[in-house]
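Engineer: Given these sequences and hints, build the entire structure.
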Amino acid sequence: MSNRSVEAESREVTPDRDGSPGAKRTSKKRKVLSCYACRNRKMKCDRVYPICSRCQKTGRADQCTYDPRLLDDLTNSNGFQADGPSTSFAGPESSMQEHGSAPTPLEALQWKARAQARRIEELERKLAANDNDNNPSRFRSLNPEDPGQKEEMMLRGKGFKTQFHGPTSVMSTIAQYRELQAFTREALTVDHSIMRVRMDFKTFRDRRKAALKELGVRTRGTDEEVYANLPERSTVDLQVGLYFRTCETTYRILHEPSFWMEYHKFWEQKASGVSQPSFAVILILLIATTKCLSPKDDVFLGDTTADRQGASDLIEVCDAWIGRQSRKRLTLQFFQLQCLSVFAKRVNCVKMKQDWVASGDLVRLALAAGLHRDPSQLSTGKISVFEMEMKKRLWVTVMELELQASIETGLQSSLTSLYWDTPAPANLPDDAFSADVLELPAGRPADHFTMVSYLRVSRQSIALRIHLMQLLNDPSERLSYSEVLHYDAQLQDWISALPKWDDSRAAIPSALLELQLRQFSLLLHKSFAALAAQNGRYLNSFTTCINAAGIMLGIHEELISKGILVLNHLRNDAIRVALLMSRIVYHNCARNGPIQPLAPPPPPKGAPFADPQTHFADLPSVKSWAPGVEVSLAMLPQRPFLARTLCTSAVDLLELAGQTCEHKVMRMGTGYMEFWLLCAAIGMLPPPSSSKPPTTSIAHITTASDDIQIRCRKTLDRFQSLSFRVLALQKDPENSFALSLRTTMASVSPSDVRTPKSVGSGVAGVGPGPGATPPAVNSAAYSAMPGMGMEFGIDPGAKDLNGTFDNLQDMQVDLGGWNFPDYWAFDLGGEF
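Sequence positions in the sequence shown follow numbering that gives the first Met the number 0 and run 0 to 831.
Treat the hints as calculated values from the structure; they're not laboratory data. Cβ coordinates follow ideal geometry from the N, Cα and C atoms, glycine included. Careful: at least some of the hints might be erroneous.
Taking CB as the label site, the calculated pair distances span [said to hold, decoys possible]:
hint: 1; residue 1: Gly272; residue 2: Gln332; range: 18 to 24 Å
hint: 2; residue 1: Arg443; residue 2: Asp492; range: 20 to 26 Å
hint: 3; residue 1: Val273; residue 2: Arg38; range: 55 to 61 Å
hint: 4; residue 1: Ala431; residue 2: Pro498; range: 39 to 45 Å
hint: 5; residue 1: Gln332; residue 2: Gln353; range: 21 to 27 Å
hint: 6; residue 1: Pro67; residue 2: Pro256; range: 55 to 61 Å
hint: 7; residue 1: Ser475; residue 2: Met634; range: 21 to 27 Å
hint: 8; residue 1: Arg443; residue 2: Leu329; range: 29 to 35 Å
hint: 9; residue 1: Ala431; residue 2: Arg724; range: 27 to 33 Å
hint: 10; residue 1: Ala227; residue 2: Ala488; range: 53 to 59 Å
Pairs of lysine to any residue residues, derived as SDA-like cross-links and limited to a Cα-Cα distance of at most 20 Å, are as follows [as the list claims (entries may be wrong)]:
hint: 11; residue 1: Lys269; residue 2: Lys295
hint: 12; residue 1: Lys381; residue 2: Leu400
hint: 13; residue 1: Lys30; residue 2: Pro49
hint: 14; residue 1: Lys269; residue 2: Asp222
hint: 15; residue 1: Lys295; residue 2: Pro686
hint: 16; residue 1: Lys730; residue 2: Gln469
hint: 17; residue 1: Lys56; residue 2: Ser722
hint: 18; residue 1: Lys352; residue 2: Gly322
hint: 19; residue 1: Lys713; residue 2: Glu661
hint: 20; residue 1: Lys295; residue 2: Thr245
hint: 21; residue 1: Lys352; residue 2: Leu400
hint: 22; residue 1: Lys713; residue 2: Asp731
hint: 23; residue 1: Lys713; residue 2: Glu654
hint: 24; residue 1: Lys269; residue 2: Gln238
hint: 25; residue 1: Lys208; residue 2: Asp731
hint: 26; residue 1: Lys212; residue 2: Gln275
hint: 27; residue 1: Lys212; residue 2: Lys269
hint: 28; residue 1: Lys352; residue 2: Ala227
hint: 29; residue 1: Lys56; residue 2: Arg68
hint: 30; residue 1: Lys327; residue 2: Ala357
hint: 31; residue 1: Lys43; residue 2: Asp61
hint: 32; residue 1: Lys350; residue 2: Lys264
hint: 33; residue 1: Lys264; residue 2: Gln275
hint: 34; residue 1: Lys381; residue 2: His371
hint: 35; residue 1: Lys499; residue 2: Asp420
hint: 36; residue 1: Lys730; residue 2: Gly309
hint: 37; residue 1: Lys208; residue 2: Asp222
Structural biologist: Listed below in structure tokens is the structure:
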């Protein structure tokens, strides 16, 4: 008889088998002790509940699940309950075997108490889930921690031409802040002169595009075109030096000694007629990146600054050249060009609608090349020590660029649930190694600052930031208040652990490390902070938001005062802080209202619109701009005292946010829509404690509607003051575009703030001087107005008043497709 027959016969007589012929042996499936994520990947698991350390570090926290039978068995047999992030599935027996001693009675009692609490929690969850199927309101009542906030998102457009913004996007904050929309509606009924500003700027842009189209200007990305856009060496020297002093202290793309060696070689070969276009493109991207990073009063070409327009043109040439190159030759220089292109666009706020897609493509290029895996896995001889180190640097840089792009758009990151094991780059200055070294020297201590310190420290918290971004942008996740406090405690631990470097080069990396952590405190607490006046428990969230906002704005203010502009241009912190804090303060304020909408006033004398009824005839009903929302007068709350104090502090912070955003607009010539919304977000709140009383007589403020009008006029004054500065800094102040727009604003804006007497006193040909009476402008003269010296015969009167404001150039978050009934009004009640 064969061995197989013997084994079969032995199985036939096993006790587990019943006596019926043909019956199969019944076996009990073995419990899985490791989490399913580690088991599927055949990785060692430390069996920590609810999330093992491996899943926590690799950003797979959402996939870390255990065999449900483990919890039941441990609860019933050992009286133990796994609880908290550091608790494993070890019961009393395993603890005794591991430590050589039996658990104390107190420990056993604690285990039993936790097990009972967990059991009760599970039963309540099951009961709530069953009741929620038939009665959703009952489920909400069982969870008092849920603030009842709707999903924060924005999906706009029509058909397939749509755009989505998730909860962490600034656009979602605007979409949910309906009171802000209602206030802008009322502000535009106070003075419609801003309509003319919108139409003039849009006409200028249309004419500029038509001029380029008529001239047949097209960027082809040839080598000759690249060299034609390369400035003189003296100019390049200054810009490249500025780049290494600012940008390369955070995101590491270039190796400085190798770059300078190639740099000198490039100019020598260029003088002898040898071309090296790939390195020339790198130089042009560095110049484009630093175009707007030097503090100065730039001149304007219409609505954008000359420096930003120049940077945009250079980026377009470089992108065209990169697009012509084959992707089969993957070299270090290839990845450097890709990273520099993404970074240059972000610093100059160019093509920001495509930023998330571009940074995602960059991640996929890195994945395809294996940058996410430990480069030491390549066999010896196939990769040098220098290349290994540069791979590590580029991988962390790519992750940071893509993660921030995902936060700005509110979309999931490509890094979510992605396994990567690339080690941190060595803490070495660039001059400590080169392409010829065979072995890296010993790294510097962690408290010793090098140009790689930012990447090393930032990499440590990236798993937590990816996990938080996933939770915040997942509509199926509803964080309870205890979870918010739990994650905020982890953020505070990371912030407290940030190193304090005593090095002048560490200003930018230290600021960026704190900004990218503080922004999550705001995003976590914003929903609960808005309810602080209703529930004192959430005053902690209000305090946390105030603290985070104050620190973030203080960081930007300090850097700007030192002439460091890169982080203010690179990030949207000022507008994010301003809109979130304005919304939080408004919902914690006492409100007097609702107030009846204001009727459109008759146009001032000399206004270009003959009939105000005709002017508003084609516009939707003002109520459709924010349907169902009426304007209410926000007043500081009288109680609780802490809420009133926090509201006062927040209003003062908003003024600082306005200054930070205004600085960016005036240096870049972009972000006008952001600045208008910020002005409205500040103007709709009670005045700050440091502001002067309104110039309007107090006797005239008899109703809440009067006060609303004062706040509306203050909002308009603030924005139009910036518009006059833009006009005063025109490169060609005598061109008919600037003269017409300046005259229009002066004739229809009687406020001293919106027609400052100083306009024209410092710039020749800017406009009427002190005491001068602005001339009236008729519609016929305006219709024939050429733009910026370009005669194209485009009649601005034929422009649709509902047209968009060329949003791609205005905001880092795209506004194309919005239906603007007026220049700064937005309609979210129709198709959205």
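Engineer: Confirm or reject each hint.
Structural biologist: Here is what the structure says about each hint:
no.: 1; hint: Gly272 with Gln332: 18 to 24 Å; result: 22 Å, holds
no.: 2; hint: Arg443 with Asp492: 20 to 26 Å; result: 24 Å, holds
no.: 3; hint: Val273 with Arg38: 55 to 61 Å; result: 58 Å, holds
no.: 4; hint: Ala431 with Pro498: 39 to 45 Å; result: 19 Å, violated
no.: 5; hint: Gln332 with Gln353: 21 to 27 Å; result: 23 Å, holds
no.: 6; hint: Pro67 with Pro256: 55 to 61 Å; result: 57 Å, holds
no.: 7; hint: Ser475 with Met634: 21 to 27 Å; result: 38 Å, violated
no.: 8; hint: Arg443 with Leu329: 29 to 35 Å; result: 31 Å, holds
no.: 9; hint: Ala431 with Arg724: 27 to 33 Å; result: 47 Å, violated
no.: 10; hint: Ala227 with Ala488: 53 to 59 Å; result: 56 Å, holds
no.: 11; hint: Lys269 with Lys295; result: 32 Å, violated
no.: 12; hint: Lys381 with Leu400; result: 28 Å, violated
no.: 13; hint: Lys30 with Pro49; result: 17 Å, holds
no.: 14; hint: Lys269 with Asp222; result: 13 Å, holds
no.: 15; hint: Lys295 with Pro686; result: 31 Å, violated
no.: 16; hint: Lys730 with Gln469; result: 46 Å, violated
no.: 17; hint: Lys56 with Ser722; result: 49 Å, violated
no.: 18; hint: Lys352 with Gly322; result: 19 Å, holds
no.: 19; hint: Lys713 with Glu661; result: 16 Å, holds
no.: 20; hint: Lys295 with Thr245; result: 17 Å, holds
no.: 21; hint: Lys352 with Leu400; result: 15 Å, holds
no.: 22; hint: Lys713 with Asp731; result: 30 Å, violated
no.: 23; hint: Lys713 with Glu654; result: 13 Å, holds
no.: 24; hint: Lys269 with Gln238; result: 19 Å, holds
no.: 25; hint: Lys208 with Asp731; result: 19 Å, holds
no.: 26; hint: Lys212 with Gln275; result: 31 Å, violated
no.: 27; hint: Lys212 with Lys269; result: 33 Å, violated
no.: 28; hint: Lys352 with Ala227; result: 29 Å, violated
no.: 29; hint: Lys56 with Arg68; result: 26 Å, violated
no.: 30; hint: Lys327 with Ala357; result: 19 Å, holds
no.: 31; hint: Lys43 with Asp61; result: 18 Å, holds
no.: 32; hint: Lys350 with Lys264; result: 33 Å, violated
no.: 33; hint: Lys264 with Gln275; result: 10 Å, holds
no.: 34; hint: Lys381 with His371; result: 17 Å, holds
no.: 35; hint: Lys499 with Asp420; result: 27 Å, violated
no.: 36; hint: Lys730 with Gly309; result: 14 Å, holds
no.: 37; hint: Lys208 with Asp222; result: 25 Å, violated
Checked against the numbered hints listed earlier, the structure breaks hints 4, 7, 9, 11, 12, 15, 16, 17, 22, 26, 27, 28, 29, 32, 35 and 37; every other hint is satisfied.
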